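Q: Below, each chain spelled out in residue letters.
Number of protein chains: 2
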Amino acid sequence: MALKITAFAGGVGGAKLVDGLAALLPAENLRVVVNTGDDFEHFGLTICPDLDTVIYTLAGLANPLTGWGRAEESWHVLEAVEQLGGPTWFQLGDRDLALHLERTRMLQNGEPLSAVCARLCAQLGIAVQVLPMSDDAIRTMVLTDEGILPFQEYFVASCWEPKVSGFQFRDVEKARPAPGVVEAIQLADCIIFCPSNPWVSLDPILAVPGLRAAVAEKPVIGISPIVGSQAIKGPAAKIFAELGYQPSALAVAKHYADLLTAFVIDNEDAELQSGISELGMLALATNILMQNQNDRRRLAEEVIEYVSKEVLMVVKP
Amino acid sequence: MALKITAFAGGVGGAKLVDGLAALLPAENLRVVVNTGDDFEHFGLTICPDLDTVIYTLAGLANPLTGWGRAEESWHVLEAVEQLGGPTWFQLGDRDLALHLERTRMLQNGEPLSAVCARLCAQLGIAVQVLPMSDDAIRTMVLTDEGILPFQEYFVASCWEPKVSGFQFRDVEKARPAPGVVEAIQLADCIIFCPSNPWVSLDPILAVPGLRAAVAEKPVIGISPIVGSQAIKGPAAKIFAELGYQPSALAVAKHYADLLTAFVIDNEDAELQSGISELGMLALATNILMQNQNDRRRLAEEVIEYVSKEVLMVVKP
Chain A
1 MALKITAFAG
11 GVGGAKLVDG
21 LAALLPAENL
31 RVVVNTGDDF
41 EHFGLTICPD
51 LDTVIYTLAG
61 LANPLTGWGR
71 AEESWHVLEA
81 VEQLGGPTWF
91 QLGDRDLALH
101 LERTRMLQNG
111 EPLSAVCARL
121 CAQLGIAVQV
131 LPMSDDAIRT
141 MVLTDEGILP
151 FQEYFVASCW
161 EPKVSGFQFR
171 DVEKARPAPG
181 VVEAIQLADC
191 IIFCPSNPWV
201 SLDPILAVPG
211 LRAAVAEKPV
221 IGISPIVGSQ
231 AIKGPAAKIF
241 AELGYQPSAL
251 AVAKHYADLL
261 TAFVIDNEDA
271 ELQSGISELG
281 MLALATNILM
291 QNQNDRRRLA
301 EEVIEYVSKE
311 VLMVVKP
Chain B
1001 MALKITAFAG
1011 GVGGAKLVDG
1021 LAALLPAENL
1031 RVVVNTGDDF
1041 EHFGLTICPD
1051 LDTVIYTLAG
1061 LANPLTGWGR
1071 AEESWHVLEA
1081 VEQLGGPTWF
1091 QLGDRDLALH
1101 LERTRMLQNG
1111 EPLSAVCARL
1121 CAQLGIAVQV
1131 LPMSDDAIRT
1141 MVLTDEGILP
1151 FQEYFVASCW
1161 EPKVSGFQFR
1171 DVEKARPAPG
1181 VVEAIQLADC
1191 IIFCPSNPWV
1201 SLDPILAVPG
1211 LRAAVAEKPV
1221 IGISPIVGSQ
1231 AIKGPAAKIF
1241 AELGYQPSAL
1251 AVAKHYADLL
1261 TAFVIDNEDA
1271 ELQSGISELG
1281 MLALATNILM
1291 QNQNDRRRLA
1301 EEVIEYVSKE
1311 VLMVVKP
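These protein sequence lines map, in sequence, to chains A and B.
For what it's worth, our numbering labels the leading residue of the first sequence as 1, then goes sequentially.
For what it's worth, our numbering labels the leading residue of the second sequence as 1001, then goes sequentially.
These are computed hints drawn from the structure, not numbers from a lab.
Note that the coordinates shown come from a computational prediction; the quantities given were computed from them, not determined experimentally.
All C-beta atoms in this analysis are idealised placements derived from N, C-alpha and C, irrespective of residue type, glycine included.
Be aware that a few hints might be false.
Covered by chain B, per the in silico footprint, the following chain A stretches (three or more residues, Cβ under 8 angstroms) [stated by the list, open to error]: (1) 42 to 52; (2) 72 to 78; (3) 84 to 92; (4) 99 to 106; (5) 119 to 129.
A short list of chain A residues far from chain B (calculated; beta carbon distances all over 10 angstroms) [claimed, not checked]: (6) Leu25; (7) Ala137; (8) Glu161.
Chain B stretches covered by chain A per the calculated footprint, using a threshold of three residues with CB under 8 angstroms from any CB of chain A [said to hold, decoys possible]: (9) 1071 to 1081; (10) 1084 to 1094; (11) 1113 to 1125.
Assemble the whole structure, with the sequences as input and the hints as a guide.
A: Rendered as C-alpha cells:
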C-alpha cells in the first residue's frame, strides 16, 4: 500500500515538490494544503498566488522559467492597463487573469474558496486534492520599518526590501480550516512541510485554529528552503536575519522543532546534520535543489523512501 | 461663436455621431451624456458598455468593424476563461478588459463613476466632456416573455430574441444626475438625441430625476435610429413592433414628441416629413447612415448647420 501524504505548501518551491510527489503517488494518496495568507484583492478580483502556482504546476501550465504564472503567456491586458495609467506592479498575464476572473465570479456567486478550487482543479484535470488552508479570508501582514504592509505590497510592490520585524495573520483567530483540511491531516501517514518560506508560507497554515494540534499528532518531515545561508528563492533567509536568527537550514529546523520528526537539508549543509539531530529529529542530507522535472521527481522519491524506511519508524513522544 | 451642443448617447450609433461632432466643434463646446442603464457586473468587474463605446470611439481606439470594443484586439483571456469552464457569452477582449479592471479599481477606491470617466478620458487624450448620466447604479431590466431580464442578458446572452413587453430602470427614482449633467443641459444651445435606441439608450437618461424637465427647456434635435422599418443596428425596430407600434422614424419622433424641436430622418423616409411636421416639429431628410469617418463628419456638419439656421429659430411654446 502506498503512503498517504499530506503536503503543506506555499508557492513555487512547494509546488515543485508537490509536482514530484504527484508523479509518484496514486492521486488519492496525496493531498495538498495551500497557504492563502498571500491572497489579496486587486482590481476587484480575488487573487490567490500560492493556490494558483500549485494549480498551474500540477496542471502542467506553469511557466517553467519563473515558476509562477502560466507558460506561453501574453501581457496585452497589463499593457493596456498601463496605457490607462493603472497599477502594473503585480504581474497579471492574460491567461492567468482568466483564473482570477473565474474564481472571483464563483466566489461572488457564494461558492467557498475550497469548492472553487475543487472545480478549477477538476476542469484542469488535476486529480490530486488541492485544499486552501481556509475558506475564510486570512491576510498576512508584514510588520516592517516602513509600516505594516499587506503581503503582496511587501513582496511584490516593495521587492521585499523593507526590514521585517514580525508578521500578523489577520483574522486567523476567527478562521476555520477549509472542509477536508483536518481530515487530510488525520488521514495522512506523514505530513510534508514543503521547501516553502516558514514565516509567510507555512506559519499561516499552522496558525489556522486546530491545524497545529492536528499536525502534532503525525510524523512530519520538512525540506529546507535554505541552502547555505541563502534562500533557494525569495526572502526567507533575509527575514531570518532581520528577525535576529543566523539564516540556515538549522534555523528552519529550529523554527519547527516542536513539530518535525525529520528534516531534509542540502548536501552542501551536511555538517548541520548533527545540530539538527540534537533538536530531536532525524536529518537527511541530499540534493534538494529542483531545477527541472527530474529533480522534482528524484527529491520526491527520496523523501517518500526516507519516510517509509525511517520517519514512520520514529515513535513521537 | 460656435454652438454649444450637449449630446445624449447610447452605444455605437450615438458614439459615431458624437465623433463627428467632436471633429467639428471646439472641445469645450461639446458635452456627451451617456446611458449607464446597460452597465452590469461581470466577473466582479463593473462594465459600462455605452460609456466604453463612446470613449473608445472618441479616443480613436474603437474597432471599426463592430463599432464596440477595441481595434487590434486579442482574446487570450476569454479563451482561457473558456478553458476553465467559465462564461464566455459577453465578449471581453484583452485590451478592453484593462478598462474594466482599472474602472473597477477606481470605483472600489471610492471614486464616483463620473470622476473615473473623467480620468480615463484625460488619460486617453479625450478633450470632450463625457458624462455618465448618473453616478448611482441604474439598471435597465427588460420585461419579456421569458421573464424580467437584466439588459445584457437580454441583449447579448439572449441575442434580443425574447419578446419585450416593457422596461424598468431599476433604482432610477432614487438616482441623481452625475455632477455636470444638469449644467451640460443648461449650458447647451441645443440638445442632440443621437441615433440611439429610444427605449433602452435614451429613455434611461431621460428617466433620471430632473433631466427630462431640464431638456424640456431647450431646443432638441433627434436623429432617427430607424430607416424604413429597420433599426440601423440592434433591437429598436423589433421593440417598437413588440410594444404595438409600427416601427419607423415617425414612431421614434412620436416617442419624443413632447421634447423634440426637430427630427432628422433618412432620405429613404422623406415621405414621413409631413407626418413628423404634424407632430409640431421641424423635419429634415438627409443621408443618416454613418458607414465611415466621412459620413460621421458630414452628418454632424448637416445637423450643426440645421440647428444654427433653423432649429434655434424655433420658439418653444
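Q: Starting from the hint list further up, note which numbers the structure goes against and sort them upward.
A: none
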